Every structure is written in C-alpha cells, then in structure tokens.
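If you're matching them up, the sequences are chains F and G in order. Numbered as in the numbering used here, the first sequence ends at 426 without a single skipped number. Numbered as in the numbering used here, the second sequence ends at 115 without a single skipped number.
Mixed in with the good hints, there may be bad ones.
Claimed, not checked - Simulated restraints on C-beta separations:
1) Gly24/G x Glu46/F: 46 to 52 angstroms
2) Arg25/G x Asp71/F: 31 to 37 angstroms
3) Glu366/F x Ala29/G: 55 to 61 angstroms
4) Ser162/F x Gly24/G: 40 to 46 angstroms
These are computed hints drawn from the structure, not numbers from a lab. Remember, predicted model here, so these are calculated numbers, not experimental data. We treat Cβ as the ideally placed atom computed from N, Cα and C, and that holds for glycine.
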Amino acid sequence: MSGVHETIEAVWRIEATRLIAAIARVVRDVGLAEELAQEALVTALEVWPEEGIPDRPGAWLMTAAKRRAIDALRRGRMLERKHVELGLELERQQERLGDALDHALDEVIDDDVLRLVFTACHPVLPVEGRIALTLRLIGGLTTAEIARAFLVPEKTLGQRISRAKKTLAEAHVPFETPRGDELNRRVESVLTVVYIIFNEGYTATAGEEWMRTALSEEALRLGRILRRLLPGESEVHALIALMELQASRSAARRGPDGEAVLLPDQDRSLWDRAQIQRGFAALERAQRLGGGARPYALQASIAACHMRARTAEETDWGRIVLLYDALLQVLPSPVVALNRAVAVGMAWGPAAGLDELDAATALAGESATASYHLFPSVRGDFLRKLGRLSEARDEIRRALAMTKNLRERELLEKRLRQWEKATPSA
Amino acid sequence: MPQYLVAGYLPDDFDPSQMDEAVGREIHALNEEMIAAGVRKFACGLGAAKSLRPQSDGGVLVTDGPYLETKEHIGGFWILECADMDEAVAWARKGVAATRGQVEIREIFFVPTPE
Numbered sequence: 001m002s003g004v005h006e007t008i009e010a011v012w013r014i015e016a017t018r019l020i021a022a023i024a025r026v027v028r029d030v031g032l033a034e035e036l037a038q039e040a041l042v043t044a045l046e047v048w049p050e051e052g053i054p055d056r057p058g059a060w061l062m063t064a065a066k067r068r069a070i071d072a073l074r075r076g077r078m079l080e081r082k083h084v085e086l087g088l089e090l091e092r093q094q095e096r097l098g099d100a101l102d103h104a105l106d107e108v109i110d111d112d113v114l115r116l117v118f119t120a121c122h123p124v125l126p127v128e129g130r131i132a133l134t135l136r137l138i139g140g141l142t143t144a145e146i147a148r149a150f151l152v153p154e155k156t157l158g159q160r161i162s163r164a165k166k167t168l169a170e171a172h173v174p175f176e177t178p179r180g181d182e183l184n185r186r187v188e189s190v191l192t193v194v195y196i197i198f199n200e201g202y203t204a205t206a207g208e209e210w211m212r213t214a215l216s217e218e219a220l221r222l223g224r225i226l227r228r229l230l231p232g233e234s235e236v237h238a239l240i241a242l243m244e245l246q247a248s249r250s251a252a253r254r255g256p257d258g259e260a261v262l263l264p265d266q267d268r269s270l271w272d273r274a275q276i277q278r279g280f281a282a283l284e285r286a287q288r289l290g291g292g293a294r295p296y297a298l299q300a301s302i303a304a305c306h307m308r309a310r311t312a313e314e315t316d317w318g319r320i321v322l323l324y325d326a327l328l329q330v331l332p333s334p335v336v337a338l339n340r341a342v343a344v345g346m347a348w349g350p351a352a353g354l355d356e357l358d359a360a361t362a363l364a365g366e367s368a369t370a371s372y373h374l375f376p377s378v379r380g381d382f383l384r385k386l387g388r389l390s391e392a393r394d395e396i397r398r399a400l401a402m403t404k405n406l407r408e409r410e411l412l413e414k415r416l417r418q419w420e421k422a423t424p425s426a
Numbered sequence: 001m002p003q004y005l006v007a008g009y010l011p012d013d014f015d016p017s018q019m020d021e022a023v024g025r026e027i028h029a030l031n032e033e034m035i036a037a038g039v040r041k042f043a044c045g046l047g048a049a050k051s052l053r054p055q056s057d058g059g060v061l062v063t064d065g066p067y068l069e070t071k072e073h074i075g076g077f078w079i080l081e082c083a084d085m086d087e088a089v090a091w092a093r094k095g096v097a098a099t100r101g102q103v104e105i106r107e108i109f110f111v112p113t114p115e
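Bound-form chain F, shown alone:
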C-alpha cells in the first residue's frame, strides 16, 4: 500500500471532475470552480494525514470548497456572479451560495461534466491550453503529473493552466453545452484534444516511458467518458476504435532493447486480442450510427484492415488504398497522401507507389513536405525496391538530416547499413 499522499492523490483523481463540475454549475465559472476545488484539496492534504480519509471524500471536499467560496464572495472575488446580480445583501448571498453548494454534489448530472469538457476544449484556447485543462479538469491529473508527461517544468504547466483559465474568463465563455452546428465543431475540438493526448503517449519516444503509457490510457478513459456523454456521436465511437486498435499493438512496437519495430515486422501474437475486439465493436457502432465515412471512422477502418491480417503478407492493401481515397476527401493532408502512396506501393508495386508519392509531393508543395522525414524515407524505400540503390541511399540520408528523434534515426541508420552491405561495390 502506498503512502497517504498517494491515497489522497487517488481520491482526488476520482472526485475532482464531479466536484469541479458541481461547483462550476453554481458559480458559473470554470476557472473559479477549479481554484475552489484546488483549495479544498490543499485543505485535505493538511487534514487527512492526521484524521484519516473521510468516508465520503467528495462531500468533505465540497464542504471545504464551500467555505472557500463563501470567503471568496465576502472578499469580492465573485463580484459578478448571479447572487450579486439578484441584488441580495451579502449575508443572504452567502447563505444562498452555501445552500446551493451543499446540494450541488447530489445533483451532478452528466450534463455538468459535458459542459466541463466543452469548456476545457473551447476553441478560444490554444491547443496546449486545452490539453492541460482537459487533463486537469476531466482527467483529475495533478499539475505535476501533467508536467512530467509533457516534459515541461511544473511551473510552465501551471502558468499554462492559469493563462487558459484567464482566457476563458476574459472571453466570457459560458458554462454550457453548444447546440446545432456549433455542437459538431465543438465535438471535433474535443476529439482532437483527446487524440493528441493519446498520440503524445503513443508515438513519443522520449521521456519517462510509464508516464507516456499513462497518457494513452488517460485518453482512452476520456474516450469512454465521452461515449457515455455523447452516445449518438459516431466519431466518438470511431475515435475509441482507432485508439483501441492502435494501443492493442503497444507490446509489439518495441524490440528487446527498446528499439521501434514497424508494423510489417511486428510479432502479431503480441497484439492484445481483447483490445482489438473492443476496437472492432466500437468501429461497428460508429458505422451503424451512419458515420462510416467520417475521418476517425476511416482511420479506424484502415487500422482494422491491418489488425485483421494474420501476417503482414495477408494485408488487404487494395482495400486500404480505397479507404485512403475516402479519407483524402474528408481530411486532405500531405501525410494522408503519403500514407496512401505507401498503400499503393504495397498493392500495386514500388513503381506505382513512387508515382503516387511524387504526385503527392508535387501537390503538397516543397514547403509542406520539406520538414517531414517520412517523405524521403518512403521514397528511398520505393527506389531500393526498384533497384535504384544509390538514389535510395541519398533519400535516406536526406531523411536522417530531417529528424532528431533517436529511435527514428536508429531505424534509418540501420536501413542505410543494410543497403550498403547489399551492394559492397557501390
């Protein structure tokens, strides 16, 4: 069993979201709600080690937050809030606020949490602010944990969160769930934040490994929370499918020395079958909701094609090309075009793939591809398969000059060595 501090952190983790959502409903200000909840946590850290963890920690934290809220009201920190607007005298205001907070936790409904999610992911915030707030408010992670996961100093992360809260307050972002067309755009913003968090954990190779895994898992948990809040949104199910399918390969993605192992070379018996099944089920759900042609559903369908193949050779590349065609329609980007070229190369041979890649590069323009090492790396691969070895090696050297990532450099250098061995005369 861990120490009392870890216990309190764990309690906080499962109580924070409901607590903040409940307070925010009363005070109509997410930033203030988060501060009040945070102050309640500080009180808990002082009292609980002495007195033990209370039976109902959520209610305890709410009582502590209530005292702070009444203090805040008294000191004018909540001047613009609704009780003042009602023109009530201070004493009466305090009483009403206290009552409202006393009952707030009994009535926390999913809508409050949903409002919290939409507020944390509001487009008025820079993406990094959205990520930090989401992990903080909905994930219940501490500033220290988030800072460790993103490899930034705790102070920087703290400033990022205060800036985000300030921006929300200054923009008078209401604590509400958007409607109509606005809802779609806002859901998209929420899903983007969740997928960035997932990828941060999944693709990055620097930093503390365990914290990285924790980030991916946190993203999956956020996905499950969203699924409950927005059960009719096909892209929520599709994103869950995409994340489950990608995460199911985690154990196969690293070799014995921590080196990256690419999809065709992975030991498929290490893939997590239960997780794959969950991914398939979520994808089916997205398709049944009519969202099969939307961006996350198409990406999940592509992942599903890989997962269905028992060996790399069995992969249905023709179908993957078609899925990339559809994806390019809804999500045109140089990276999608690059991936499509890889699929074309696998389906119809390296010459076809090379043509596709050069067409994609020309279309995207030099500037869009110049900083992305996978363009020369994939081109080098096609050239080697076509027997144009010295051109192939030039491309790999170009790729090497473009990436600083250690694991990627290892892969490229290994490839270069192998190709040099294959042609000692060149």
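We have chain F already, so just place chain G on it with the hints.
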C-alpha cells in the same frame, strides 16, 4: 490500463429483500458514478454458492454453500479499470461507504488470449 476485481462481502444470512432502500440507492449511484468516470467494466451480484471438491478416488463432491465456512461470503463484484492500485482502493472506499460491507481488491493479471 490494469483491471481490478473489487469484491463485496455480505453476511451469510443476508436477505436482499430486507436491504435498506438507502443502501440500494447509494450502490446504484456509485455504479452510475463509476460508469461516468469510465472505470467500470462489469458489475454484478451473485446468487447462492455450490462448492466442488476433488476426492481421493478421482471423483468430485458437490455440496451446497461456499467453499470456505465463514460468516461472510462474496455477494457481488465490480471489474474496474484504474490507473493503479491507489485508484482502485479509492473506488473500493466508496464501495465500503455505499454497501456498508467489507470489500476486497485483487489486481487481474492478464494472460494473452490464444488465437
């Protein structure tokens, strides 16, 4: 993310029809909360036990009642997906508060499913 078995124990003579309404409501509310937090994989209550014991002659003896003769037996369980044991314990605390009973936690170790 690791999964945990959180099992609740009930007295041997527990009668569900006599269960306090408030307890039922609180258990229901806790389940809702677990689902909303994205941690609950599964939950159920259990009926009466039968026990099977291997015999020295190679046979199996089937008897009514739980394997261990104790004053309390497992009455239901949750399967929760949590970040770590600390978080599972935090949920189990809430389980104790809601059920007014004893709760036991075990981490579930996975064996990869064969093809």
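How the hints compare with the structure:
no. : hint                                   : result
1   : Gly24/G x Glu46/F: 46 to 52 angstroms  : 36 angstroms, violated
2   : Arg25/G x Asp71/F: 31 to 37 angstroms  : 33 angstroms, holds
3   : Glu366/F x Ala29/G: 55 to 61 angstroms : 59 angstroms, holds
4   : Ser162/F x Gly24/G: 40 to 46 angstroms : 43 angstroms, holds
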